[in-house]
Amino acid sequence: MIQTDALVMAVTSAVGSDLAPMTPQGRKYLIPLNGRPAAMYLVENLKRCDLVSNVIVVSDQPNVTDFGADETIEVQGDLTDCVLAGIRAVSGSPRCLIMSGDMPLASPDAISDLLTCAPATDVVYPIVEKSDINEVFPGRKPYYVETKEGHYTGSSCLLFKPDLALSREQLLMKLLNARSNPKELLSLVGPWVAMKFMMSKLALGEFEQILSKALNMTCRVFISHFPELITSIDTLGDINLMEKELSL
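Counting with the working numbering, you get residues 440 to 687 for the letters of the sequence shown.
Careful, some of the hints might be misleading.
Here are the computed lysine-lysine pairs in the PhoX-like style, where the Cα-Cα straight-line distance is at most 25 Å [what the hints assert, rightly or not]: (1) Lys580 - Lys652; (2) Lys569 - Lys640; (3) Lys569 - Lys683.
Listed next, with one range per pair, are the computed distances between beta-carbon atoms [what the hints assert, rightly or not]: (4) Asp520 - Asn473: 28 to 36 Å; (5) Ser686 - His664: 22 to 30 Å; (6) Leu490 - Met612: 23 to 31 Å.
Keep in mind the hints are simulated off the structure, nothing from the lab. Think of the CB as a built atom: it goes at the ideal place given N, C-alpha and C, for glycine as much as any other residue.
Construct all of the structure, not just a fragment, from the sequences and the given hints.
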């Protein structure tokens, strides 16, 4: 099995007005869930995965808590600077898994399933089908793209080869910024292809080919049956949902 280094992004992000009082300076990873910060749950879950070699917290804030990670990297800069610093720290590793720090429900089983079953390729984009999400989180309404195989939404994590990614920094950042929203992901392939996708319901295999050509990397989707991989903190309702799930 391929060993993987994991990056947990503990960075400032834009938040809605309902979340603002609970997220000073947009630090969603610090939101307390049952008395513990969101990022701590994710770090613990990653460390429980046998295929994860190292867990590294990357932050744009000084003196950030390590949340029990193997290493902490503090970066003066924006999200791009933080991501690239994290990837450089794991250069030489066979694979890198990057995740947002506000994904506390990403269980060891969900992460292990991705790392065990995902194809060994340049970039793996995890997706989850609508019926799987509705079964576990019926109240969530993410944006779905309709394909010939069903309705899918994207995960807030990405699995890739770090050395190759560093040789295509700008393309990588576009992909990372769009990873959780298939609608934004379609913008990477150009307006005409995106329109064709929306109008004719392309197969997932066709989408892989188009994305690979657009990014000049071999890209594959991975269908996960774990909705936890698409669940991050976006609303106050998400906090209530997560506290309930984490208390089970």
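Notebook entry, point to check: So which of the earlier hints does this model not fit?
Noted result: Those not satisfied come down to hint 1.
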